[in-house]
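First to last, the sequence lines map onto chains Z and C.
With my numbering, the residue at position 65 of the first sequence is 65, and numbering never jumps.
With my numbering, the residue at position 183 of the second sequence is 505, and numbering never jumps.
Hints may contain errors.
Distance windows between CB atoms, simulated [to be verified]:
#	chain 1	residue 1	chain 2	residue 2	range
1	Z	Glu107	C	Lys722	55 to 61 Å
2	C	Pro713	Z	Ser144	55 to 61 Å
3	C	Thr373	Z	Asn221	44 to 50 Å
4	C	Glu412	Z	Asn110	39 to 45 Å
5	Z	Asn261	C	Val455	55 to 61 Å
Quick caveat, the hints were computed from the structure, so don't treat them as lab data.
Just so it is clear, the structure is predicted and the values come from calculations on it, not from any experiment.
Glycine included, each C-beta is placed from N, C-alpha and C at the ideal position.
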Amino acid sequence: MLSRVAEHIYWFGRYTERAENTARLLKVNTTLLLDLPPKITFGWGHLPRIAGCQEAFDEHHEQADENNVVHFLILDERNPSSILSSLRSARENMRTTRDLMPREVWEQVNRLYYRVREQGQQAMSRQRRHEFLDQIILDANMISGLLFGGMSNDQAFRFLHIGIDIERADMTTRIIDVRSESLLPEQSEDIMPFLNIQWMSMLRSLTAYQMYRRHIRRRVNGPDVLRFLLQNTEFPRAVVFCLNRLNSTLLQLPHSEPCINQVIQLRTHVAGGEFHQLIEQGLSEFLDQIQLELNTLHSCLHKHYFAVEEQGESQSQFSRSD
Amino acid sequence: MVDMKKELANYNCNAFYDELFAASGQPRPSAQKLLDFIGAMSADDLQDRTTAVDLAIKVMGISFTVYSEGDMIDRAWPFDLLPRIIPRSEWDAIDLGLKQRVTALNLFIQDLYNDQKVIKDGVFPAELLSESVNFRKQCIGVTPPLGIWAHICGSDLVRDAEGTVYVLEDNLRVPSGVSYMLENRQVTKRVLPEIFEHMNIMPVDDYPSQLYDTLAALSPRPQDEPNIVLLTPGIFNSAYFEHAYLAQQMGIELVQGSDLAVLDDDCVYMRTVEGLQRVDVIYRRVDDLFIDPEAFNPKSVLGAAGLMRAWTKGNVALANAPGAGVADDKVVYTYVPQLIKYYLDEDARLPNVPSYLCMDNKQREHVLANIDQLVVKPANESGGYGMLVGPKSTRAEQDKFRELIKANPRNYMAQPTLALSTTPTVIGNQVKPRHVDLRPFILSRDIQYTTMGGLTRVALVEGSLVVNSSQGGGSKDTWIVDDLHQDGGTR
Numbered sequence: 001m002l003s004r005v006a007e008h009i010y011w012f013g014r015y016t017e018r019a020e021n022t023a024r025l026l027k028v029n030t031t032l033l034l035d036l037p038p039k040i041t042f043g044w045g046h047l048p049r050i051a052g053c054q055e056a057f058d059e060h061h062e063q064a065d066e067n068n069v070v071h072f073l074i075l076d077e078r079n080p081s082s083i084l085s086s087l088r089s090a091r092e093n094m095r096t097t098r099d100l101m102p103r104e105v106w107e108q109v110n111r112l113y114y115r116v117r118e119q120g121q122q123a124m125s126r127q128r129r130h131e132f133l134d135q136i137i138l139d140a141n142m143i144s145g146l147l148f149g150g151m152s153n154d155q156a157f158r159f160l161h162i163g164i165d166i167e168r169a170d171m172t173t174r175i176i177d178v179r180s181e182s183l184l185p186e187q188s189e190d191i192m193p194f195l196n197i198q199w200m201s202m203l204r205s206l207t208a209y210q211m212y213r214r215h216i217r218r219r220v221n222g223p224d225v226l227r228f229l230l231q232n233t234e235f236p237r238a239v240v241f242c243l244n245r246l247n248s249t250l251l252q253l254p255h256s257e258p259c260i261n262q263v264i265q266l267r268t269h270v271a272g273g274e275f276h277q278l279i280e281q282g283l284s285e286f287l288d289q290i291q292l293e294l295n296t297l298h299s300c301l302h303k304h305y306f307a308v309e310e311q312g313e314s315q316s317q318f319s320r321s322d
Numbered sequence: 323m324v325d326m327k328k329e330l331a332n333y334n335c336n337a338f339y340d341e342l343f344a345a346s347g348q349p350r351p352s353a354q355k356l357l358d359f360i361g362a363m364s365a366d367d368l369q370d371r372t373t374a375v376d377l378a379i380k381v382m383g384i385s386f387t388v389y390s391e392g393d394m395i396d397r398a399w400p401f402d403l404l405p406r407i408i409p410r411s412e413w414d415a416i417d418l419g420l421k422q423r424v425t426a427l428n429l430f431i432q433d434l435y436n437d438q439k440v441i442k443d444g445v446f447p448a449e450l451l452s453e454s455v456n457f458r459k460q461c462i463g464v465t466p467p468l469g470i471w472a473h474i475c476g477s478d479l480v481r482d483a484e485g486t487v488y489v490l491e492d493n494l495r496v497p498s499g500v501s502y503m504l505e506n507r508q509v510t511k512r513v514l515p516e517i518f519e520h521m522n523i524m525p526v527d528d529y530p531s532q533l534y535d536t537l538a539a540l541s542p543r544p545q546d547e548p549n550i551v552l553l554t555p556g557i558f559n560s561a562y563f564e565h566a567y568l569a570q571q572m573g574i575e576l577v578q579g580s581d582l583a584v585l586d587d588d589c590v591y592m593r594t595v596e597g598l599q600r601v602d603v604i605y606r607r608v609d610d611l612f613i614d615p616e617a618f619n620p621k622s623v624l625g626a627a628g629l630m631r632a633w634t635k636g637n638v639a640l641a642n643a644p645g646a647g648v649a650d651d652k653v654v655y656t657y658v659p660q661l662i663k664y665y666l667d668e669d670a671r672l673p674n675v676p677s678y679l680c681m682d683n684k685q686r687e688h689v690l691a692n693i694d695q696l697v698v699k700p701a702n703e704s705g706g707y708g709m710l711v712g713p714k715s716t717r718a719e720q721d722k723f724r725e726l727i728k729a730n731p732r733n734y735m736a737q738p739t740l741a742l743s744t745t746p747t748v749i750g751n752q753v754k755p756r757h758v759d760l761r762p763f764i765l766s767r768d769i770q771y772t773t774m775g776g777l778t779r780v781a782l783v784e785g786s787l788v789v790n791s792s793q794g795g796g797s798k799d800t801w802i803v804d805d806l807h808q809d810g811g812t813r
């Protein structure tokens with residue numbers, strides 16, 4: 001398989017996953033706002049940082065109000081991670097790799113792209129936003145359905161899967177970060193009654209509430225939710241689950257040892273999280289660290305599978321398999 | 323509402339040769355069954371089928387690319403429901419003529435880059451060669467596998483008012499359109515399935531495997547399974563759809579220049595996730611000036627540095643061979659009948675359109691004096707660009723071309739405006755005659771193969787002679803109908 005093609009497929013996976021999860025990110029923030037008592041204010045200003053586009057946001061906006069942030073994250077093409085930009089990138093990456101995926105996927109990606117482009121304004125009103133974001137999530141899941149039900153489990157599929165899992169692990173940590181940002185001291189008198197509701201909202205935004213209840217038969221509480229979303233080995237949006245699957249996918253690729261080592265190292269790190277303490281202090285830093293290490297994993301993939309494309313790169317690192 | 327029976331009865335052939343009607347109200351024998359079938363359709367039925375055509379084209383994703391549309395780079399392929407029909411007996415003669423022509427052209431190219439006997443024998447003027455912009459001195463002394471340079475040729479055929487078939491031009495560089503020929507047939511089969519049961523229509527689907535065999539025959543490592551790739555300039559090229567389509571149909575990799583590397587051993591490799599893999603044959607759809615920045619345009623990023631090195635050493639095959647374009651410029655074209663005589667000692671089976679070479683003083687005077695009656699073409703443009711259609715041009719355009727010709731006579735030739743043949747075409751809810759041409763494709767290795775028919779392009783604008791899809795042309799399915807085996811009524 002051509003390196004360039006592998007890279008396009010990988011990015012296709014990442015961008016569709018990113019579009020879906022950015023919708024989830026906005027969903028969790030919108031519902032958290034509704035769940036909190038009116039006198040507690042936490043607004044929208046933290047979202048650009050969490051979505052990893054603070055700089056681009058500051059460049060174009062002075063005020064981080066709801067309108068600006070929501071528009072920036074959904075519709076603004078100046079934000080390379082907005083839902084619209086992600087879908088555009090997914091489309092451009094698929095354009096040259098169409099023959100590797102079922103035709104219906106291409107049609108569905110186009111449909112979703114045009115839906116966001118043409119109907120995205122709906123999301124600007126809180127009233128319609130929820131429905132709109134849910135629709136994006138559903139549409140994105142239709143793409144995964146078409147891929148997982150109709151694509152041969154070949155080399156291309158593996159790179160797609162790797163892209164999806166890396167992005168999903170990354171975005172799960174970001175979605176958790178929304179909650180940690182909103183966190184006032186847990187003992188604060190005012191917020192106590194609302195705490196569990198907040199955790200439940202977050203689980204729901206990740207379609208994780210039902211599964212959580214099945215796995216953990218205690219009343220919802222912060223450390224358990226964090227353990228579930230980060231360390232669970234059975235829930236498909238949990239970080240460790242994604243890492244385990246990355247591991248087994250990588251095992252099927254040639255000379256994948258360096259990347260596998262990176263995955264194992266990261267998994268050890270995630271699995272070692274003590275959330276009773278982290279929830280008091282350092283959760284955001286812990287999550288940032290995971291994101292950084294996922295980035296390192298990406299660089300590792302790039303170096304071993306994709307970089308072959310770059311002009312002027314030394315060719316000595318590639319063995320001749322002829 | 324359209325009444326098909328009435329439409330066909332009222333169909334007016336004018337003074338042109340019509341592909342389906344011998345005269346108004348009088349279908350040609352090979353088209354009788356089709357026209358009966360269409361005539362018996364209700365208005366609703368026809369409407370349904372035209373809608374089905376649009377749907378099929380969207381669903382099958384048949385598109386072509388237009389540069390100027392910015393965001394929407396794919397445009398749906400304009401297709402007309404009514405096929406164009408040529409009887410098998412007539413086609414067989416055309417087929418022989420095409421093969422003869424390509425054989426002579428390949429011998430000519432091989433000769434030009436080697437002994438140049440054709441010049442020494444005074445058949446082809448040396449000054450024409452020295453002024454040719456498509457002669458590649460990098461190819462001098464090279465003999466590609468089997469001595470063949472143009473493995474894939476697309477020749478444009480037209481008919482005049484008498485019905486005579488002429489060759490209008492040969493495309494020996496990177497001829498395109500064959501994927502549309504294949505897809506057009508798929509669409510027609512979907513939309514008019516009944517008719518295929520009652521007519522003996524020759525299949526066209528064999529092309530991708532024939533092309534694959536042609537490419538495989540060039541491999542420098544014939545003992546192994548050859549690694550064949552299709553080199554595309556990329557997604558923004560107007561023929562990208564075709565590149566992707568053909569690669570997929572043949573099961574070969576679609577590569578871009580950046581996917582390839584030529585190493586110190588002068589072999590070509592492609593960069594894969596498994597490492598570098600040797601490439602044996604490149605079906606290149608990149609113009610030869612861009613395939614190797616080391617040998618040609620140093621700024622090109624569409625090719626791979628060192629490709630020519632690998633090719634001249636025989637470590638990789640390129641189809642078509644670089645430099646093959648020397649034989650498809652419109653001035654060389656005028657010599658093809660003499661070249662056929664010289665190399666094969668045969669008379670040309672297919673005639674050229676009479677042409678005036680502007681480099682010849684007498685012929686140039688004729689062109690300058692009658693420019694309003696002629697079609698003037700630059701020697702090296704394709705896609706209908708840069709030409710003047712005299713009868714449809716303004717005085718200012720004519721003056722501009724007079725100046726262009728005087729400034730660079732070698733670069734221009736002119737032909738009389740042909741009364742191109744027409745064929746019935748659905749326009750709105752009517753059936754109207756529209757002008758067509760035909761581009762068959764000829765493959766050459768140790769044996770030759772011609773497509774059954776080819777791509778029929780149709781000028782959808784009334785009276786227009788410009789059939790290029792980039793300039794408002796459409797296309798039709800082309801049927802070679804077997805009139806030699808009459809018993810084949812049902813299959």
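Here is how each hint holds up against the structure:
{"no.": "1", "hint": "Z:Glu107 / C:Lys722: 55 to 61 Å", "in the structure": "violated (47 Å)"}
{"no.": "2", "hint": "C:Pro713 / Z:Ser144: 55 to 61 Å", "in the structure": "holds (59 Å)"}
{"no.": "3", "hint": "C:Thr373 / Z:Asn221: 44 to 50 Å", "in the structure": "violated (59 Å)"}
{"no.": "4", "hint": "C:Glu412 / Z:Asn110: 39 to 45 Å", "in the structure": "holds (44 Å)"}
{"no.": "5", "hint": "Z:Asn261 / C:Val455: 55 to 61 Å", "in the structure": "holds (56 Å)"}
When the structure is compared with the earlier hints, violations turn up for hints 1 and 3 and for no others.
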